[in-house]
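Top line first, the protein sequences correspond to chains A and B.
Heads up: the first sequence begins at 31 in the working numbering, then just goes up one per residue.
Heads up: the second sequence begins at 195 in the working numbering, then just goes up one per residue.
Quick list of in silico lysine-lysine cross-link-like pairs, DSS-like style, CA-CA up to 25 Å:
#1 B:K326 - A:K97
#2 A:K415 - B:K326
#3 A:K317 - A:K235
#4 A:K97 - B:K341
#5 A:K343 - A:K140
#6 A:K297 - B:K240
#7 A:K75 - B:K326
#8 A:K317 - A:K218
Some chain B residues well away from chain A (every beta-carbon gap over 12 Å; in silico):
#9 A262
#10 G263
#11 D291
#12 H293
#13 T296
Some but not every residue of chain A turned toward chain B, in silico, with C-beta under 10 Å:
#14 H92
#15 A94
#16 R101
#17 K132
#18 L259
#19 H373
#20 F404
#21 I405
#22 Q408
In short, the hints are calculated from the structure, not lab data.
Treat the numbers as computed from the prediction; the structure is a model and nothing was measured.
Glycine included, each C-beta is placed from N, C-alpha and C at the ideal position.
The primary structure of each chain is shown beneath.
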Amino acid sequence: MADIELLPHNVPSHNELPELVEELTTLNLGPTHPATHGIFQNILKMDGEKIVSGEQTIGYIHRAFEKIAERRPFYQITTLTDRMNYCSSPINNLGWHMTVEKLLGVEVPKRAQYIRVLMMELARITDHIICNSILGVDTGAFTGFLYVMQKREEVYEIYEEVCGARLTTNMGRLGGMERDLSSTAIRKIKEFIKSFPPVLRELEKLLNRNRIFMDRTINVGPISAERALSYGFTGPNLRAAGVDYDVRVMNPYSSYEDFDFEVPIGKSGDTYDRYMVRNEEMWQSLKIVEQAINNLPEGPYYADAPEYYLPPKDEVYRNMEALIYHFKIVMGEIDAPAGEVYHAVEGGNGELGFYLISDGGRAPYRLHFRRPSFIYYQAYPEMCKGSSLSDAILTMSSLNVIAGELDA
Amino acid sequence: MLTNQEVAEGLLEKFGDQVFNFEEPYGLLTLSTTREEIIPVMEFLKDHKNYQVIFLTDITGIQYPDNAGQEFVVVYHMHSFVHNFRIRIKVAIPEADIHIPTATGLFASANWMERETYDFFGILFDGHPNLKRILNIEEMDYFPMRKEYPMEDATREDKIDALFGR
Numbered sequence: 031m032a033d034i035e036l037l038p039h040n041v042p043s044h045n046e047l048p049e050l051v052e053e054l055t056t057l058n059l060g061p062t063h064p065a066t067h068g069i070f071q072n073i074l075k076m077d078g079e080k081i082v083s084g085e086q087t088i089g090y091i092h093r094a095f096e097k098i099a100e101r102r103p104f105y106q107i108t109t110l111t112d113r114m115n116y117c118s119s120p121i122n123n124l125g126w127h128m129t130v131e132k133l134l135g136v137e138v139p140k141r142a143q144y145i146r147v148l149m150m151e152l153a154r155i156t157d158h159i160i161c162n163s164i165l166g167v168d169t170g171a172f173t174g175f176l177y178v179m180q181k182r183e184e185v186y187e188i189y190e191e192v193c194g195a196r197l198t199t200n201m202g203r204l205g206g207m208e209r210d211l212s213s214t215a216i217r218k219i220k221e222f223i224k225s226f227p228p229v230l231r232e233l234e235k236l237l238n239r240n241r242i243f244m245d246r247t248i249n250v251g252p253i254s255a256e257r258a259l260s261y262g263f264t265g266p267n268l269r270a271a272g273v274d275y276d277v278r279v280m281n282p283y284s285s286y287e288d289f290d291f292e293v294p295i296g297k298s299g300d301t302y303d304r305y306m307v308r309n310e311e312m313w314q315s316l317k318i319v320e321q322a323i324n325n326l327p328e329g330p331y332y333a334d335a336p337e338y339y340l341p342p343k344d345e346v347y348r349n350m351e352a353l354i355y356h357f358k359i360v361m362g363e364i365d366a367p368a369g370e371v372y373h374a375v376e377g378g379n380g381e382l383g384f385y386l387i388s389d390g391g392r393a394p395y396r397l398h399f400r401r402p403s404f405i406y407y408q409a410y411p412e413m414c415k416g417s418s419l420s421d422a423i424l425t426m427s428s429l430n431v432i433a434g435e436l437d438a
Numbered sequence: 195m196l197t198n199q200e201v202a203e204g205l206l207e208k209f210g211d212q213v214f215n216f217e218e219p220y221g222l223l224t225l226s227t228t229r230e231e232i233i234p235v236m237e238f239l240k241d242h243k244n245y246q247v248i249f250l251t252d253i254t255g256i257q258y259p260d261n262a263g264q265e266f267v268v269v270y271h272m273h274s275f276v277h278n279f280r281i282r283i284k285v286a287i288p289e290a291d292i293h294i295p296t297a298t299g300l301f302a303s304a305n306w307m308e309r310e311t312y313d314f315f316g317i318l319f320d321g322h323p324n325l326k327r328i329l330n331i332e333e334m335d336y337f338p339m340r341k342e343y344p345m346e347d348a349t350r351e352d353k354i355d356a357l358f359g360r
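Just chain B, same shape as in the assembly (with noise of 0.2 Å):
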């Protein structure tokens, strides 16, 4: 049985001040971790013996308008079976420059996760064989899980955010 701590340090020996952030919400391992170093980072998790974190479970993101820096974030879910051991990982970009090296390399199920999330939140993943809209129409010249684009009218005047939820 893995335990989040020895992965923790296991990463943290590997990868020093490149992974930080460690927390354990509801049991679930989470790390931050930088764009430069994710893809060695899961690469590490999936190919080292005592691990073999081979599953990608998802890929979505987050978007933080407030961060100044880290407007959005990239979020890997990782599925160890041998183990029974899930893992999150964060990577935090900033709006002026929304790159993030693409995992397809490593796992063929992110081709379509990133195609998602590319077409809700614009994130670029460099490398990616086909990354172009998947769920909205390609014509379509914004993306649309941003927060500036709320889900009511903005002209609407009868619903007010403190009366009616967010």
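Okay, chain A solo, but in the shape it has when bound (with noise of 0.2 Å):
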């Protein structure tokens, strides 16, 4: 065996080696990843754990909600808007009512509009109790989120007490609501604002100055307020950012004007921020809830706008007019006013608007939904580029992209 080479002389030397090819990754996040919290992908290009660049590929739950509108009577697009932003349906529901009594001309009694105030303001509690809890569970914290969870299932029953429905809520009617705050519901309402401090306290105490939470989220995806607004941001993602515009103390709708309460901003724009934001706009929601049930007005739960608000059941039955408008509101026989008209409320996300063209018909001749999740998830690659994964899983988290609302 004396001919084996021991020295193999086709390894080229250490100077010879080729040059080291410096390849990025791609990665799919989404479009069905637990931490994307919807269905949409991100198309990541990743250099180790940094990221490179992103893109985004959504409208993986596009159900054509505006080209539904055209065909449909105006009562019966309210359940499409609450499958926009699901985590706050309400918002929507009663948005898109004020957007077509905006059209109509129709106003709305105080006792209403007091009873719209409080179940908003609910659902943005619920909304942000989703996102901040959630945010928690991204950084490791999984227990807040079974904790405050809890709360939200007692706003549900309160929901269920004023229209029936849980999650997809259809709530209220065209001119008013469709029924008055049952007695179940007030009381309902008033012990959750005695046993919801206490959680939401816990959950400050939990992540607030929490060591691990502050370093996680400090820092992590901000945002200056120029390229927040640039971005088109509203809500408490802009807020966050140090903007103080709230549609509510803006362009005050459904009596907000009577309220007191605060707007609080951050400074960095950063996720911490972005929580801090939202924790206190739950403080200030529970204050509003608590006005206006204490200073409910007396008197009608609707307009008197008979040709508009469906008739209560048993004047149907007894009333030769009820009957009429009962028939014609059932079949979408209203013609509604031409005019154009743009209503925005401040939703869970920010400023969500309806763009509500009517051409005297039953139906709008066109109807477009400004989504807030929409216009900011653009910013997205922006806000990552640089950090890490788990940094960027955390932004989106802080963003609170909801699909629905996203694709519409």
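Grab the two chains, each in its own frame, and use the hints to assemble them into the complex.
Structure follows, in structure tokens:
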């Protein structure tokens, strides 16, 4: 065996090694990934653990609401709106009713406006509960999520009392609410006002000054006020960047001017600020709920607009006019005046706008939803560029992108 | 507090007859302009120190198939937070030449809003960095929000428009 070559000649010496090629990894985050909290995809280019660039693919649950709305009577469009931001459907429902009422020129009585404010603020609380506690889950604190989920359940029970449904609420009617607040609903709301603060305080204790949570969220996914404005941010995400824009204050609707509340703002627009702004907003919402239930005005809970407001059922059986209106409304034979109206409400994620064009027919000629999630989600690659993958997850989670609202 | 009158006068002074059809439906100042002037108008509103309309709320499209030569309208909603002033600008464009300049140079948010408008109406935004479909699949060969694509199956005979809404 003497002819074995011990030193291979074909291996290049160290200097002749081919140059190391730096390759970027492509990572598909989503469309069905538990960390995205919804069906949308991010195609990330990664250099090791660092995100170099990203591109979003959305539209996985696009349901063509705008197209469907063009064939539907106004009251049937409400069911489309609550499938947009399903974490706070009452805001969508009531915002839509207000848009149509603006078009029709229907003045809603004070009591109905207060009930609406009540429901919208409860919805805001449920929306922010989800966002903040899920942020906790993503940083590794699962307990808080289960703990506050119980409170969301209580709010859903209030929804049940007010409209009969829990998630896709279809709440309210054109011209008011479909029923008055029952004594059970009032009791449940009062109980919630009492029992929620300790729970929220507990969540705050768990997260607000938690070293791990702060390390994970401070300076993660920041955005400056200028960029946020340029990207069309609204709602808590814009306020976290330091711009105190709130539709409830700037263009008050549904008697928001009667209530005393503060608009919390952040400074750096990072994940921690977004969390803190939402946290404080829950307190403010609770304050509004308290004021609304204590100062609930007496009076009717729907407008005197028989052409648009579905008559009470016993009236339908006894009264000819009521029967006629009932039939016309249910069959969608109500002609709306021609006109165009833009109405915005402060949704869970920001300015939820309804741009409605009516040509005088029974359905909108064109309806466009200004969906806050859709508009601010395009900033995501810029916000997570250069950060690690785990930070990018937190950024997305704190933006509270709701797939239903994203795709409509 | 900025009034509609002030802004309308300012725009008329600067752009003359390039801005027209002033209206105030439900108190919102609405005006039309041409596609040549839309970007200068938005830039003027954004940079003017008295207006500061720095926020682009929304871009969307509407189709009026019977308006020959002006089949499509692109609608811009803008908002000045400083003065709490909203404005709506419309640009009508013909179907035969369905182009309009992009606003992505002024607002980053215009990117997806324009993609959405393109996706549903086929309106081409010249100069857009990435004009492709956003909510629908890329293989789709039509623009679904156009009125020539009705919601209902056209072969159905049991649903008559005269009886069931539109």
